[in-house]
Amino acid sequence: MKDWQYRLAEHRGTLTALSIFVVMFIIYTANHPAGFTANVVQTAANKGVLLALVAMAQTMVVITAGIDLSVGMIFLLTNCLASWLVVGSPLETAVGVVIVLAVGALCGAINGAIVIYGRLQPIVATIATGAVYFGIALLLRPFPGGSVNEVLADALTGRIFSVVPASLVVLAAVIALIWVPFSRSVYGRAAYAAGSSETAAYMSGMPIRRGKLLAYALSGLVAGIGGLFLTFFTYTGDAALASGNAYTLFSIAAVVLGGVSLFGGKGSAIGAVFGALAFRTIGDLLFVFDFDPLWQPLFQGLILLAAVSLGALALFRVRNRLESFQ
Amino acid sequence: MTQTTGRKTRFIRSLDPAVLTAFGCILLLLVLGSFYSRSFLSPEYLLQQLKVASFLGVIATGMMLVILLGQIDLSVPWTVATGAMMACAAAAYGPLGTTLAIPFGILCGIAIGLVNGVGVAYLRIPSMIVTLATNAVAQGVMVVYTGGFSPQDSATTAMRYLATGALIPGIPNVVFIWALIGAAMVFILRRTGFGRAVYGIGNRERAAYLSGINTRRIVMIAFAASGGLSAFGGVLLAGYASKAAQSMGDAYLLPAIAAVVLGGTSILGGRGTYLGTVAGVILITLLQSILSVTQMPEAGRQITYGGVIIFMLLLYGRAPPSR
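Quick note, the sequences are listed as chains A and B, same order. In this text, residue positions in the first sequence follow our numbering: the first is 1, and each later residue adds one. In this text, residue positions in the second sequence follow our numbering: the first is 1001, and each later residue adds one.
If you anchor each label on the Cβ, the simulated ranges turn out as follows:
#, chain 1, residue 1, chain 2, residue 2, range
1, B, 1020, A, 43, 51 to 59 Å
2, B, 1031, A, 106, 30 to 38 Å
3, A, 173, B, 1183, 58 to 66 Å
4, B, 1099, A, 147, 54 to 62 Å
5, B, 1191, A, 310, 38 to 46 Å
6, A, 204, B, 1311, 30 to 38 Å
7, A, 113, B, 1210, 34 to 42 Å
8, B, 1027, A, 106, 33 to 41 Å
9, A, 181, B, 1311, 29 to 37 Å
10, A, 197, B, 1035, 46 to 54 Å
11, B, 1103, A, 143, 39 to 47 Å
12, B, 1298, A, 151, 31 to 39 Å
13, A, 240, B, 1027, 36 to 44 Å
14, A, 294, B, 1295, 34 to 42 Å
Hint data in this document are derived by calculation from the structure and do not stem from the laboratory. We treat Cβ as the ideally placed atom computed from N, Cα and C, and that holds for glycine.
Isolated chain B, as found in the complex (with noise of 0.2 Å):
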């Protein structure tokens, strides 16, 4: 009996008040949207709605890695089309292209995350700069290659059946893999002594440094796996549209970054649960559909999703006081 009520308070002491108060904006904008429209409830529609967020939540995952470090990965937009683009390309290679297409694509990803991790972790350049740096970088390498056009090569069919299949029917396939990749970074961010090294460097790096781990490691790994997580969003999302567009990850960097600091987790790095992101992705998901679903003009939009932002991290991302 003791031990049930301790195990008891034990998880409503383990439950995040950030978190708590991101999945009740969810229900207060579900509710809302409902006076608005009676479908907004429907299955279908929420349904509809987690397979939008899957998109946004495998980039998030990686940002949040990335973020949990205490840095921050302004390349995405370029990382997402690159992933896509360069699957697109694979594919017009023959039948080795296609079957290597998916795999090719993350890989570019994990390249450019790689030299973000490189510069933060050995060339310690601020985060924010480099990978400022990699994505103007890869954004000329895109423009070159695609001679300023969008690119005419067009998804393979794994690609699309992954985006936009449904292995059991009536829950698509992108819901799966978001699951499965949250799934692992639980596991990796609990489990493992990778994420707990994750934690240790984003709350102190020399502690972390000195009490044996190789940060500079870790480090870099955690950029590679942002760059690879974000570029295999990029093909995710060339699958859905079944082709890759020039400006097509512009959308994804500020949602991701709000998506994962409005689930709690510190900007400054060392806290956060994936909980928390995933709250946070299906928070900023259903925001922007409510948005665009009452038909504003963009303008009031823009105002309201940026004004409903900082309502919400006024309400509990604040930092304690200094003194």
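Same shape as in the complex, but just chain A (with noise of 0.2 Å):
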């Protein structure tokens, strides 16, 4: 196999996720009664940061081989504590920044330290932490309420130059400085390992525990960094359990659009974080079309069936039936 032949095939899910993401997001503005403008292109950047940043925490915890089910609660959780901690001078919204970034990073890593030193099976233990985080969000807002400092909500929703939109560029700096450095790392390459064979990686000698560890860790991290800016949109804390389950659902629907394997060891942020717009640009496709808002929940499920059923396509390379078996 040539080089780029290789180079091809590794980031072949990210850039299918890419490809479907471009062509929907053509057909969406190409129907919008404003077309391509900079105002439509913010509003679609604000809601789909958001997932994105939430399928972003999500993958890092997936190629791992494991999965997080209380990500859409950390998200809930960071996003109840900055309503009450980010407002004030900006020294105080800095420290509250902080606060609600280390709480984020501190539930991702408490996840962990049970996955990795309890031995619990990341499924269960994270569907029990995502009851207390939800419990803990609860606490922190039994009623929707709370601010934020308007200042720097509204620097971070905006536009840039009055052309970019803000929170893209926050995007990409969360996969330049977070994502990036963590996948080339010995401990992203051991967590890579560890979710595609534990044993073999275990057995070369790669840090296994302290990659996944950070793996998790960093995963509430940007999982409460999405909490923040969902504060930074509403205004709000709000503990609504239907809004985080339905963000840990889609941040499991985006990862597998974006070419991330559920069985670990394969996959890249990045292509979650397109997954992630492709998934938000077909929810939108339906309001352009001016379709009937009852018909969105049934039209989003026959993408999400049609986009895994893709997935079986991989069936027809198998020349051994076992071959088929996990």
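Two chains, two frames, a set of hints: combine them into the complex.
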């Protein structure tokens, strides 16, 4: 296999997600009454970035062959916390942001510690920690409310030079400052290796425990950034169970659309980001085509079902039926 | 004499430590509850708890079958709601509809389960994703059908009788139904080829396939059964509340998984007993009941609920060390 072929195969999932997103977005803007304007892009970006951040958080856990069903609840918890802390003078705001992000990372690290050192299965462990995080969020905000530093909020959800949506810049910064260094570090490679085959990774002396713990903690951190952004968009904190559950489920869908293998060891957060943006655009398509909003859940469900069925195409490459069993 | 001691040790050895711990936790919860209020140990209260547990028990039975395969069924919430809504909807179509309401509701659940099963067994899509997608589709269909509101149709008398009546005075019918389903499940798991195949696939699907088991058909049937049981749980719940509601199934997905896992069934498949699931269901129901009786705010209840599940899993649900 030539070098470029190998690299293409490695990034096939990401590129597929990117092309789905581009096609969807072109259809969306072409049919939008306002067309391809900065306003339309800004609105779409602000909606997409929330899911993109949560999907990125989910990816970090999924590459270690785990799953984080509490990611939506960390998102809610940090949202509620930010609605208390990210207010006041610039210094107070900065301290608030740091605390919120630290709490997000701590939640992720707790998940990681339970999974790695407690040896529980991620799926059940995070269901339980999700209940705890939701309880704390409810404790912080029994009723929707609170406020946020509006200057900062408007700056981060507005446009830079009145063209580029600031939220997209933040998303790019998160990718550049968290995902890229992590995935290229020894610990990042260890997280990938542990997801691919934990025994083999252990035998080759990789720091799998620290790598996985770092992956979980960074996942919490990114989910915390998502929660912070939710506060910037809504100006309030709201512990809504349905919203947390929806973000968890949509993050899994986005991860799958983004070409990340749920069996671990394969895929990239960048793919998941495009998967999330594509998923959001699909939801918005209904509005530009004037569908009855009642049909939206069904339409989204069918798209999801069709998208995951595409994964079955891999069966055509199976030469021996035994290969199809994991 | 030696034969009886041999039988005795075999019996002791067959007891799973996880199941024993789960039953121990049930006793502990009852004792803790009885400090709070005397009525915790009264037969009426215990019977009431058993009745509430039966709905979860029926749903958890299907979940257990799927978890034994090493898969998971996340489509429970809207399968429950679909079963309930479709049964109530059928009741609106004259006497024939009333008679067929319950089978129709269950059939809709089986249909959802079949889609899951085909996706997992034949298309080899990870069960977590395909069940998530069918859940979304079922929700979409129900939202379109009901127009976004809770449906107006109400449950039939047969459904109400099954859920709230008592054939033998004092013992609710749902408890009987759960016992029947449980007995059937135990028979299937222990005495039939299907049950052995389920355990075999859960342990290693390749080995099961190579030993001549039609693994794909078994997986598909298991998912269909899980869908049918979820829908039946929904039918019973609709009979209990005398109508179906939009998000009636949401409160059953995580407790069902938690009950199965707390009962000592491995989430990776291949290991677990139905007795454990019974213990898990009662444990979860008692925990929820005690948390609501103490009038703790919802936030505290969620935190305790999650914390207790983590604590119990750390007691006996840990995977063996990898080195």
